[in-house]
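Number of protein chains: 2
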Amino acid sequence: MRIAQIAPLAEAVPPKMYGGTERVVSWLTEELVRQGHDVHLFASGDSVTTAKLCPGAPKALRLAGMHDHTPSTLVMLDEVQRRAAEFDILHFHIDVLPLPLFKHLFHKCVTTLHGRLDLPDFHPVYRAFPAMPLISISDQQRRPMPPVNWAATIHHGLPQDLYRLNKKGGDYLAFLGRISPEKRPDRAIEIAKRSGVRLKIAAKVDPVDREYFTSQIEPLLDDPLIEFIGEIDDHQKEAFLGQALALIFPIDWPEPFGLVMIESMALGTPVIAWRNGSVPEIIENGRTGLVVDSIEKAVEAVAHAKRMDRVTIRQQFDSRFTSTRMAKNYLTVYQRLLVQAEEETQTVDQFATFHLPGSSLTAPRLQSQMHKDSKLARV
Amino acid sequence: MRIAQIAPLAEAVPPKMYGGTERVVSWLTEELVRQGHDVHLFASGDSVTTAKLCPGAPKALRLAGMHDHTPSTLVMLDEVQRRAAEFDILHFHIDVLPLPLFKHLFHKCVTTLHGRLDLPDFHPVYRAFPAMPLISISDQQRRPMPPVNWAATIHHGLPQDLYRLNKKGGDYLAFLGRISPEKRPDRAIEIAKRSGVRLKIAAKVDPVDREYFTSQIEPLLDDPLIEFIGEIDDHQKEAFLGQALALIFPIDWPEPFGLVMIESMALGTPVIAWRNGSVPEIIENGRTGLVVDSIEKAVEAVAHAKRMDRVTIRQQFDSRFTSTRMAKNYLTVYQRLLVQAEEETQTVDQFATFHLPGSSLTAPRLQSQMHKDSKLARV
Chain A
1 MRIAQIAPLA EAVPPKMYGG TERVVSWLTE ELVRQGHDVH LFASGDSVTT AKLCPGAPKA
61 LRLAGMHDHT PSTLVMLDEV QRRAAEFDIL HFHIDVLPLP LFKHLFHKCV TTLHGRLDLP
121 DFHPVYRAFP AMPLISISDQ QRRPMPPVNW AATIHHGLPQ DLYRLNKKGG DYLAFLGRIS
181 PEKRPDRAIE IAKRSGVRLK IAAKVDPVDR EYFTSQIEPL LDDPLIEFIG EIDDHQKEAF
241 LGQALALIFP IDWPEPFGLV MIESMALGTP VIAWRNGSVP EIIENGRTGL VVDSIEKAVE
301 AVAHAKRMDR VTIRQQFDSR FTSTRMAKNY LTVYQRLLVQ AEEETQTVDQ FATFHLPGSS
361 LTAPRLQSQM HKDSKLARV
Chain B
1 MRIAQIAPLA EAVPPKMYGG TERVVSWLTE ELVRQGHDVH LFASGDSVTT AKLCPGAPKA
61 LRLAGMHDHT PSTLVMLDEV QRRAAEFDIL HFHIDVLPLP LFKHLFHKCV TTLHGRLDLP
121 DFHPVYRAFP AMPLISISDQ QRRPMPPVNW AATIHHGLPQ DLYRLNKKGG DYLAFLGRIS
181 PEKRPDRAIE IAKRSGVRLK IAAKVDPVDR EYFTSQIEPL LDDPLIEFIG EIDDHQKEAF
241 LGQALALIFP IDWPEPFGLV MIESMALGTP VIAWRNGSVP EIIENGRTGL VVDSIEKAVE
301 AVAHAKRMDR VTIRQQFDSR FTSTRMAKNY LTVYQRLLVQ AEEETQTVDQ FATFHLPGSS
361 LTAPRLQSQM HKDSKLARV
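Heads up: the protein sequence lines correspond to chains A and B, in order.
Mapping to my numbering: the first sequence position 231 is 231, numbers consecutive.
Mapping to my numbering: the second sequence position 50 is 50, numbers consecutive.
Chain A with its partners taken away, still in its complex shape (with noise of 0.2 Å):
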């Protein structure tokens, strides 16, 4: 298949530092190469990839300093509207953007929505354009959006030999990503301390996140129960999360995913989280995890955890969090696509040969065929 991935040109991909939505794009992409497919990876010009690269930006805008990314955006999407034609499938992940410059082509787009969408400021555009076929990434993820045309959930996997099962564990409780409030660290902190277990805090703050983390969160650190070790990388993170007893991911917000929860299942690391957002479609709640809404239930499931299979949560991720399975998943939905697109062409084809010669009907009947049948399909 003839595939163009469109990623976010903020950072690389895969990404140098922080970028999720980034690092999902290299490992679909890698894995879609890997089973023989022709993938095109609209990207920023220093990403790395075995695809075919065609760089949207020079650099990832965000290490060039550039704030405002829908400039440099527009130009990239109108190169892949110039080249539509070469591809079967193209496969967005930034947006709304391409919404009313692929309108006429939506019947072979997949736009993937990687954040929160219970923003009120894009319901409107998703209103206006319900044909574009969606990808939410976890069911919870769609429930504030209007009516759209949602062709499948896709839970984020991982290369399956990214990381190896620690089989021992260890004796800390870890906290990995942003300081942020809805993240919720004085959670993680009190847990810690009303359990009397050990918590290492791996995250960065940024900038917008100073002030909080002055005010709110050092006067919390000082406990010898409490470590802060700042921001690490992708290398140290296999060490940080293996050797811990349980992640600690107590959050306060719709969390559309949450990478960090099937890294630790990748490691045998049990994952104590906070009924929110994608967790109960995550965890498993008593084998992989244990899903909790309160401070004393989470202080109970230290103890728990410490009893839990580390080679059950392995194999849980293996059998559900592999990038094996999600381009297995998104090939799938490619494939419904291509077939209805098919499908449709020849109705239109009988009905313009007989009724109507040179009718331009085509592009929205297939777009409202295609949004009655995606409501039945799941993948």
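Be careful, since some hints might not be right.
No copy is singled out in the list; a pair is fine if it fits within one copy or between any two copies.
[What the hints assert, rightly or not] Simulated pairs of lysine to aspartate or glutamate, DMTMM-like, Cα-Cα distance not exceeding 20 Å:
hint : residue 1 : residue 2
1    : K59       : D78
2    : K52       : D139
3    : K167      : D186
4    : K108      : D139
5    : K237      : E300
6    : K16       : E211
7    : K59       : D121
8    : K108      : D121
9    : K237      : E343
10   : K103      : D78
11   : K103      : E79
12   : K108      : E86
13   : K237      : D318
Source of the hints: derived by calculation from the structure; they are not laboratory data.
Fit chain B to the known structure of chain A by using the hints.
Same frame as chain A, now just chain B:
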């Protein structure tokens, strides 16, 4: 002429509060209607106009609490695109989003660039779509841009009856607008103190500038010469500017236009302004104001301003900065585009008849032709 004006959705047209672009779009739209043109205004639904209002969103996005304006703007642009055949001219005031969407209609498009153009973030998309006819609001504004299709520089204009000449003036210096580092209220304060002349500051403080105000400006306000008034509305502006000895405009950034300078002139009040951006184009040095580049020169200018003739300043406003003059300039550009498109269609028709039936060369040839012509044209 059938004209579509496409405004930003951030504020209503005209804006309820702050909003330079929406104010100018309103003045241009109302003047075009007054002159008998058939004008449609694409803007937020709470806009007020004598043109036909086409709501791009139910109400102004900033007041509706929307932070990301791109989604709603895409919906509005799709509506403009669907209705494009109804108009002779599509006049955009919203920067870059129309570029890829209207590339096949550039022969009847005009974009006025209302902001600073020195941010590299935007250059890739202007470089990718060099055929869009662009209007600069000062010649200086163009300097940082890559080669594009400049159709004209058109200075902004106000309705002639918006403000009446205040023949008497007053005895204080006026600073009007926003408190921010690039507006240099600190310079205004120093000039007042060194001149021994009172300064009234009527300015809003945006959240992003709160820290600057508290740490840098507030400590300077404790002086009997300095009075900080806060934000004022349009009605209060007439007395505030009209009863001043001079407007102080000590900017430290490439101001693309600076509406407050011509508001001041309309009231007969001279402008003392730093040599930056549009300033030397707007101010006739020694006649409508004084262009300076140091505190010393500004202090001398205060003494000079007392002797300037307020009637002459108003006359210069009448001849150079009314919305009637602005609309006339825009109509010249619209007319030129229509003639060019007409001529080009005829040329291509002839060409097509004799050589290439069914040729699809029209759009690119038209664009390159316009690009060449426009380099010669000035309004």
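Quiz prompt | Numbers of the earlier hints that this structure fails to satisfy, in rising order | solution = Violated hints (numbers, rising): 2, 3, 4, 5, 6, 8 and 9; every other hint is consistent with the structure.
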